[in-house]
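Chemist: The lines below spell out each chain.
2 protein chains.
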Amino acid sequence: MSVETVAIALVHHPVVNKIGEVIGSAVTNLDLHDIARVARTYGVDKYYITTPYEDQQKLVREILDHWQTGHGSTYNPARKEALSIVDIQESLNNVINELEELHGSRPLLIATSAKVSEKTISYSDLQTRIDDNKPILLLFGTAHGLAPEVMNKVDYVLPPIEGGTDYNHLPVRAAAAIIIDRLLGQKR
Amino acid sequence: MSVETVAIALVHHPVVNKIGEVIGSAVTNLDLHDIARVARTYGVDKYYITTPYEDQQKLVREILDHWQTGHGSTYNPARKEALSIVDIQESLNNVINELEELHGSRPLLIATSAKVSEKTISYSDLQTRIDDNKPILLLFGTAHGLAPEVMNKVDYVLPPIEGGTDYNHLPVRAAAAIIIDRLLGQKR
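In order, the protein sequence lines correspond to chains A and B. Heads up: the first sequence begins at 1 in the numbering used here, then just goes up one per residue. Heads up: the second sequence begins at 1 in the numbering used here, then just goes up one per residue.
I should point out that these hints are in silico values taken from the structure, not numbers from a laboratory. Treat the hints with caution; some may be incorrect.
Pairs of lysine-lysine, BS3-like flavour, derived with a Cα cap of 30 angstroms [claimed, not checked]:
{"no.": "1", "chain 1": "B", "residue 1": "58", "chain 2": "B", "residue 2": "46"}
{"no.": "2", "chain 1": "A", "residue 1": "18", "chain 2": "B", "residue 2": "18"}
{"no.": "3", "chain 1": "A", "residue 1": "115", "chain 2": "B", "residue 2": "80"}
Isolated chain A, as found in the complex:
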């Protein structure tokens, strides 16, 4: 199985807040590190951070520079390697265009959500698409999740992570780790 066609994006805008309003969220340092390390472990090709805010893009660039070429790169080469798959984009459309250019076809847009969707795709069905080398873009939402305009645009939605309790407040870092493992970890 090749996963060179699998990319992920952590979306910081448009997402929703606690009461469902569409907002832009701030970038969290550990979202960069933790998700990059998981993605690199499972062979994910690209990890996009999308934010339209220039100060946030600058922050991400500074973090990446520290670990790519600054002190961090010699202090912790493993971190450098993980962060080498991270890219900044101002919008999801830019990510889609870049991937379309790279692979020659538009990636399948897959959302992850804590809610059940009518566009659900099972993990095994999505694994089949990955085996067929279909380019895939997995979307993770920060704050309280992807905004409706993103959910309307995606091709499919993965089922929510069920832990068997009524508690459903996973950090996006944990959700990303679990989803990437379920999708890419079992079968190789």
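Following the hints, position chain B against chain A.
Modeler: Same frame as chain A, now just chain B:
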């Protein structure tokens, strides 16, 4: 399936550093939050933070207090609920004694490790023990992993997480999320 007999411990001493020396590590704020939220989602009964250092115990207590009874408890009740399963203990032995008292028998000690062990237990075998209501204590190591004296003491070790690449530097937060999902997430 009941998971009321499953507890986890995040060990800060004795663990090893990059070059294999036995050390004590500092508590990371996000390890508390992220792992508590995952554990609570999957119905894990108790999440122990073990550290022999009083200043570190105090730090953990302050964080817990903020979210349990301070401003955080009204600002974010879901966080309060997740952190309600967290306990501080100065040593692994104390955790084992507390669980033995609670359940009437010594818990099965299960280590998680990035290395293959002779004491490997499969996920499905461990799930059978959980189904049988055997008390289980899952150990996660901070820094570069659990020290040899802990590894020697455990009953079993779960297989390393394989992502299909030669890169193996998962954050403990991600490893805990993936392992708890593999163990408790699929079958319910």
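Chemist: So, for every hint listed, does it hold in this structure?
Modeler: Each hint, compared with the structure:
1. For the proposed pair residue 58 of chain B and residue 46 of chain B, the alpha carbon gap of about 19 angstroms is at most 30 angstroms, so the pair holds.
2. Between residue 18 of chain A and residue 18 of chain B the CA atoms are separated by roughly 40 angstroms; this puts the pair beyond 30 angstroms, and the hint is violated.
3. Of the supplied pair hints, the one linking residue 115 of chain A and residue 80 of chain B holds, its CA atoms being roughly 22 angstroms apart against a limit of 30 angstroms.
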